[in-house]
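With these hints in hand, go ahead and build the complete structure from the sequences.
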Amino acid sequence: MIGAGINRIDGPLKVTGRAVYSYERQDAGQPFYGFIRGAAIGKGKIAAIDTAEAESAPGVRLVLTHRNAPKQGAFVNKPTIFDRPHPQLTTDRIEYFGEPVAFVVADTFEQARAAAALVNLTYGREDGAFDLANHADQAEPQATLSIGLPGETRFGDLEAAMSAGPVTIDQTYTTPYHFSQPMEPHACLADWRDDHLTVYLATQTVAQNRIALAETLGLAADQVTVDAAFVGGGFGSKLYLHAEAVLAALAARKLANPVKVALTRRQVFTLTGHRPEMIHRVRLAATLDGQLTGLGHDVNLQAAVAEPWIEQAATVARSLYAAPNRLTRHSITNLDLKAAEAVRGPGELPGLLAFETAMDELAYALDIDPVELRLKNDTAIDPELGVPLNGRRLADCLREGAKRFGWDRRPKTPGSRREGDHLVGYGMAAGIRMHFQGPTGAIVRIEPDGRVIVRSDTPDIGTGTYTIAAQIAAESLGIGVDQVTVQLAHSDFPPSAGAGGSWGASNLSIALDRACQQIRNRIAEAAGLGATPNDILADVGRWFPEGVEATGQTIGQADDPNFKNYSQNTYGAAFAEVAVDIATGEVRLRRMTGVFAAGRIVNAKTARSQLMGGMIWGVSSALHEAAHVDPRYGNWVNGDLAEYLMPVHADIPAIETVLLDDYDEHANHLGIKGVGELGVCGTGAAVSNAVFNATGIRVRDFPITLSKLLSGLPPMRTAA
Amino acid sequence: MKAFTYERPASAAEAAAAAVRIPGAKFIAGGTNLLDLMKLQIETPTHLVDVNSIGFDRIEPTDQGGLRIGALVRNTDLAADPRIRRDYGVLSRAIVSGASGQLRNKATTAGNLLQRTRCPYFYDTDMACNKRTPGSGCAAIGGLNANHAILGASEACIATHPSDMAVAMRALDASVETVAPSGASRSIPIADLHCLPGNTPHVETVLEPGELITAVTLPKPRGGLQLYRKVRERASYAFATVSVALIAKIEEGRLTVDRLAFGGLAHKPWRVEQAEHAVAGAVADSIADVVLSGARPTEQNSYKLPLVRRTLAATLEHARAGASR
Ligand SMILES: Cc1cc2nc3c(=O)[nH]c(=O)nc-3n(C[C@H](O)[C@H](O)[C@H](O)COP(=O)(O)OP(=O)(O)OC[C@H]3O[C@@H](n4cnc5c(N)ncnc54)[C@H](O)[C@@H]3O)c2cc1C
Ligand code: SF4
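Residue numbers (this note's numbering), protein chains in the order written: chain F, 1 to 720; chain D, 1001 to 1325.
Hints in this document: simulated from the structure, not taken from any laboratory.
Backbone N, C-alpha and C define an ideal beta-carbon position, used for all residues, glycine too.
Careful: at least some of the hints might be erroneous.
As the list claims (entries may be wrong) - Derived lysine to aspartate or glutamate pairs resembling EDC-like cross-links, with alpha carbons at most 20 Å apart:
| no. | chain 1 | residue 1 | chain 2 | residue 2 |
| --- | --- | --- | --- | --- |
| 1 | F | K708 | D | E1299 |
| 2 | D | K1039 | F | D408 |
| 3 | F | K376 | F | D421 |
To be verified - Not everything, but these chain D residues come out facing chain F in the computed CB check (under 7 Å):
| no. | residue |
| --- | --- |
| 4 | P1023 |
| 5 | Q1041 |
| 6 | Y1237 |
| 7 | Y1303 |
Rendered as structure tokens:
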């Protein structure tokens, strides 16, 4: 059962519209609708606010501003991040463009939106710092990253290695702001009754957001219920508690009526989190035969004073290649923008985009095959932690990918292959992604009539968690998938570490399997057998007239010896072919192969979807995606999906996704590791390197848009 | 969105009359542009006159040997019409290069011509924009303007017209037929339909209040090789960075430019008649010199100058290759 590429068990619900998402829940009766009005300045204060017109608009029930918003728990910068309280409308200060300044509740969505525009605001605008490049000199080094790793690691003497050479690369790369932009916008339906708050919330972390909400509202955690039965994508942006949930809850309490809020697409840009812009400096030193003697990665990233998010972008090389002299560092530059957050593949996506492009520069400088260069610097021992790299199959990924892709047919000289109107190039890159483990519980219950119910607060954000939970339980109990009922993402269920960081599936699977094993043992005991009976469900009612249940727990990685004795990662290699229009510089992907090693795969189909989606995300980071801030005002300029470009179907030809399926015994007893974000790791650099191979032009400022290539393309026959 | 009233008249005359009866009324056809703008309160009509039941949904031959395209003909149907594909290939190609299949199914001929700019500051009601709020200033000037106009812009506005279809119609010398609330009808050459921004960027066309577009007529087929090349940052569903509509002919064994119009460069489809027949032998650089004379790019969009040259050269190459095939 584990490994089978079965269809999603909730698929029929989704395609028939019966999977009910937060904003569509009817459980609470007729709700009011809330709409958030955002600030029109990036920094300063509200000089005057007049709500009279909005209050008398048709259907309006409530207008909240900083003047009448209920007192809330103060923000606390807890290291656990997703359980931080997030009070709203607390002051007249404005810290980022679009910050909520008023919240209007009305009978219909349209009334609330129209009335929100009637709130009259006068601002006291102050000069702000809105662009990274011009404030990069204010960067502050960071000792610790948001995920707890050291901000700086240093081994040997990189400077010395750089001056010894003989071949070195020292380049600067910039990666832009990115947004997750899940299909389902951030939404919340809040229902307040009998001193108890129930929120139907689009979230990736049920237990954590419950605490965050309780602390914001001054409630005990058990006064808050969070239900996130269906979530339409998250990609990191729904890990955190955002304004819509807090405002819906405040208004529901005040009005004694359910209130629901969904962000508009433009508000998903202003009111959720972005991946920070980064300036990377990558240094590499190597011998003439391609042995790395030194590697360095410095990252300076945008942050906000209020809530620093220090993305682990310069960690990507720490476990990737051997080299005696190493230096990786992070610093932040505080700007007057919203706090950055985790966006799919935090750390790895921008980090590998820069680092693996630099590796390609080194291969070119050395005149060594880029695959060869990576193989040469492969290592079985983590070069910084000194422990074995379990499941290290980087070399297998590289070799298998090269073979499938036909890497031997690559143009050896950049800019040398022309096909019709196009310059054609091949590129490749390696990928690595840290594997994490977080405390997660699951409960399995078998009813006397043999029904099997599995519960955990881990949400299924569209990745297939319902399905793999059923697969794990079915395998552990020796029953069919269709005999398992999975219930997820409710705060009454055992708490988990949430769905994010590519750890939901492995965390949940381990806990679930343990619960199932306990049940098997109890049944065996009750039946007086040495082993579990073959048909485990047949006689449950006889031995357990009340049914039987057991909970299983996955421990956090800090307490798990596997994470001390081994350096836990997943691996990949990506190969891409691009065609660049010789006249216009338009870059189009022609084909791509990704080979990945991520431990044992629970569901071949959903894992493949994750990896393929991740690869497309990688293409996007190389060629398309960037959110732009106007340095004068601090607003997101291209704040809609017509202008924030990402690939559409026509941009993505056939993509080959290969999983080197293997049981990783050092990960956990099931041999499972995370898959969700591995597809974004290194795939962007494969595309970036293919563009260089096609054109001979190296673009270090991502994404690679046509205007950056134009001046380097061969001259056209523009005369007679 | 502001509350509005709605009606659906059954004839063009009624529609035109309805649009002036209530101040602040607007026509709605496919709604693919207008509704988006209403949700953002960039457009705030008090009353919508839905023109989907007035007829004018057919393509018919004219006495002059051309075609009359009803204002309500959907972009999908227009692009797929066998007569258009055979005799006006540049139009069909331009339309299918725009938007997406779903949008083209809804979008109408008139609505496409009258769609508004995609300038991101126009779309952000927290930003100064002379087009949205006359006199408020132009945030795009001095802001992010990599895809703004390089030709025909003004100190008040540097926005471009986003339509692909209109560029092809400009190359084809189409005329726009209208009916006014008074019942009077007129025909406007497409060259005159759209205005340059000048000091009044909010005035985008010469249409009078309540004047309804009923049809677009195409003159009799010009023949020749008809190409539309749209340059953009992704393969589909993106507006043009630069686009070229070309009708080329072979005369005495040499390629000549019969018609040439550009998108993505100005506040209206851009055609420079002197750049057409005058330049013998279709020399890309000489043509581009004429087209780009007077260009005033910003720092961020100056790449459009070489891009125009190169795209034109490549399109002419294609025409040559097509002609010799
Ligand atoms: C995401 C996105 C991508 C797009 N990409 C492209 C692209 O690449 N290229 C491109 O060319 N277009 C593109 N479009 C725009 C699309 O082509 C237009 O939205 C569409 O053509 C408008 O037609 P409509 O009938 O829906 O107009 P509506 O939205 O109904 O109306 C538009 C305007 O025309 C007026 N109007 C409508 N009919 C009449 C009439 N008969 N007489 C007088 N006034 C009238 C309306 O009052 C309104 O002001 C895109 C749109 C979107 C949303
Ligand atoms: S360019 Fe025109 S549309 Fe854009 S902000 Fe300026 S005035 Fe408005």
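Check: Would the stated hint for D/P1023 survive a check requiring a Cβ distance to chain F of less than 7 Å?
Finding: violated (19 Å)
Check: Do the numbers back the hint for D/Y1237, that is, is its least Cβ distance to chain F under 7 Å?
Finding: holds (5 Å)
Next item on the list: Have a go at the D/Y1303 hint: is there a Cβ in chain F nearer than 7 Å to its own Cβ?
Entry: holds (4 Å)
Check: Would the stated hint for D/Q1041 survive a check requiring a Cβ distance to chain F of less than 7 Å?
Finding: holds (6 Å)
Checklist line | D/K1039 paired with F/D408 [C-alpha distance capped at 20 Å] | finding: Status violated; Cα separation ~54 Å.
Item checked: Proposed proximity, F/D421 with F/K376 (alpha carbon, max 20 Å) -> violated (36 Å)
Item checked: Restraint status (C-alpha distance of F/K708 to D/E1299 at most 20 Å) -> holds (13 Å)
In this structure, the hints that do not hold are numbers 2, 3 and 4, in rising order.
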